[in-house]
Amino acid sequence: MSYSHLKSSTYRTTIPFPISTFAGEMVSNLFHSPVHIFRCALLLGLTFFIALPCFAQDWIRTGTGLGVEKVRLAASDFKATTQDPKNADLLKAFNDTLWNDLDNAGIFDMVSKSFYPLQVPGNPSEVRFEAWNGPPPNASMLAFGDLGVTANNVLVHGWLYDVKNTASPQVLGKQYTDSATTEGARLIAHRFANEIIFRLGGGVAGICESKIYFVSDRSGHKEIWEMDYDGSNQHQLTHLGTISLSPRISPDGSRLAFSSLNKSGWDIMMYSTELSRTVSFPRFGGTNLSPTWSPDGTRVAFSSSRAGEPNIFIADASGGNSRRLTTDRGPDVGPTFNRKTGSQIAFVSGRTGLPQIYTMEADGTNVQRVTDQGYAVSPSWSPNGQFLSFSWFRKYGAGAPGANDIYLMDIASKQWVQLTHDGGRNDFPSWSPDGRHIVFQSSRSGTEQIWSMLADGTKVQQLTFSGRNSQPNWSWK
Amino acid sequence: MEANAEIFFEHGKLGRPLALSVGLHVAFTGVIVLFSMLPGRRGDIWGAGGGGEAMGVSLVSTVPLPASPIQTQNVVANESKGLTKSQPQEKQNEPDAIPIPDKTAKTKPKPVVSASKAKAKPEPEPETNEIPYGQGGPVSGPYGSFSANGAKGGFGFQGGGGDFGSRYAWYAKVVRDKITENWLKYEIDPNIHKANRVYLVFDITRSGQPTHVQIEQSSGVPSLDNSAIRALQRIDTFGPLPPEYSGSKVTVEFWFDLSR
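In order, the protein sequences belong to chains A and B.
Per the numbering used here, residue 1051 is the first one in the first sequence, and the count goes up by one each step.
Per the numbering used here, residue 9 is the first one in the second sequence, and the count goes up by one each step.
Isolated chain A (complex conformation) (with noise of 0.2 Å):
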């Protein structure tokens, strides 16, 4: 019996693709009149604007290690081992931030729950291959494992499973310890995500642990708050009372400088994260604006108007040995070391009218222009130290049609790429310790808020919600 007339009613359905529908219009419009030829012209020019991007993902996935086949993983929620009543709590905290935080990774082409087995497995004695390693959930990979708490601690296991190798499937086996607490099971949840994504993102450490630095007027001053890397977590630091702005986290994570409004106008600011208190640090006089950390830890560079105009200056950790490293009249801020070498620094100057992005040797030679029109401020080199990013508005003046956006620049071959278009101010971004994520300051939800993307733009979602929050930075590991 032939199933042939049903199979043809079936497909008939077929939703026809909008684009291809409306190009082949064009096309065959275009032999039946003339007037059509611009209209042609206009869709050729069109394509060749949607393949550009296309060119561009072949760099920009090398450099940010987003990977372009994504691994198949499967994260089957945990169960628990012992009766204990906080089980239930510890466990959805466990399983909500583990799923979360492998989501994020970048890397990973997450298996729906709902395409799981109805056993999922507690200890590998469970696993039934056939049941992850074919449709529907045709994983290649399985975390998995189980969480129990005695007395007032947890303990967990984790196994990583590579599923389609049924001989020697164990990639990772891991027992964590912490306090029964919510956030001792975030801790132990975002370790194990942190492990996974070592080994599968080719030894790139995870940034579940990272944290993001920002300033918020929640508390009716601009002050300095801390958050986890997604958003959660989220407390205030600084508590004076003024105007503080830029933060920036040392690179081993101890020391916060930032710039702050006091008696004597804008000065830089140091705060100790093991000391949670603000530390001796030089004032200079003038306007000290938007410090930043070379990569070893040892220098600040900051702008300071001390000579009169502003200008980079670069000083030890400490404040001593500071020095001038540029010497023209325009206002230069914004420096940013580059972070895989330590030894150039991106910076904004406004020297030839609009502020514009340069970059210069550390000791304040070979200075050369990056941007070559528009407003471009706010530059951050990412970990690798082949990019920069910054906010640009490309056509900038009275009924331009510019919009604030994020942008991507290879530094070496200058070719750069848009990363958000959905509207409002975007700015400020700062590079995640892995080159994978951005964070960046929007105002597409109406107000100032932090978001965080992939480094290829996509997965863009918001991390704070309540009042306004700008100028975030990402530690560095």
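The hints are simulated quantities; they were obtained by calculation from the structure and are not laboratory data.
Predicted, not measured: the structure shown is a model, and the values here were computed from it.
Treat the hints with care, since some could be wrong.
[Claimed, not checked] Here are the computed lysine to aspartate or glutamate pairs in the EDC-like style, where the Cα-Cα straight-line distance is at most 20 Å:
#1 1224/A - 252/B
#2 1527/A - 244/B
#3 1261/A - 1159/A
[Stated by the list, open to error] Below, a sample of chain A positions facing chain B; criterion: calculated Cβ distance under 7 Å:
#4 1119
#5 1212
#6 1215
#7 1218
#8 1221
#9 1252
#10 1253
We put the CB at the ideal spot given by N, CA and C, even for glycine.
Starting from the structure of chain A, add chain B where the hints point.
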């Protein structure tokens, strides 16, 4: 008085102007011929390719749209129009037409042929497993396959008793993906479409760094060899070797053919 009076009292002297005219024409033609024969004075041919600002435009019947960056397996939401076409609408008989019994008696109703049946699919070419002599790659054991924009090849691991690649398949995948990601195709000379097989050998240390990158057999195309070497130099680490693996390094043999 003479019979035929001379009304043209003055004869036009045509000789000189005619000679002048002919002379000028000959001279002019000569100049043009000479000018065109002068070496290095070839004028630009209008409309020719590579003529500075001019460019050739040819109309095409379809515009190749870029492939969607997100490949979906969903049957409903992809760009394919499907394998089958909808059936043509049946023709309605006009109500006025009265069938003549003699003529319609013997005709059978034609079976409706669906579009998918009518158009036979071209037979897929049978895949051959034959490997031409000398092109089979090393026989050192299980190896992973590798494919990136026109370059196809494979790699094998030496070390760990010969079964590294199968025991740590996930690590082999990491190695393959990292090389693929870091290989910039634009570094290869665009005029090269085919090249001999290239063999590369490198070690991965315990901490995951690629070292001792060597070309065992060159393709004869320097830009292709260099692009493969640069891809490996661009990689800081593949990640530490699996902790269960006891050796201090793994040797990877990696080969590929370029054909685009």
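Status of each hint after checking the structure:
1. 1224/A - 252/B: holds, 14 Å
2. 1527/A - 244/B: holds, 17 Å
3. 1261/A - 1159/A: violated, 25 Å
4. 1119: With a closest approach of 6 Å, the residue 1119/A hint holds.
5. 1212: Hint on residue 1212/A: holds, closest Cβ of chain B at ~5 Å, below 7 Å.
6. 1215: holds, 5 Å
7. 1218: holds, 5 Å
8. 1221: holds, 5 Å
9. 1252: holds, 5 Å
10. 1253: Holds - the Cβ of residue 1253/A comes within 7 Å of chain B, reaching about 3 Å at its closest.
Going down the numbered hints, you'll see the structure goes against just number 3.
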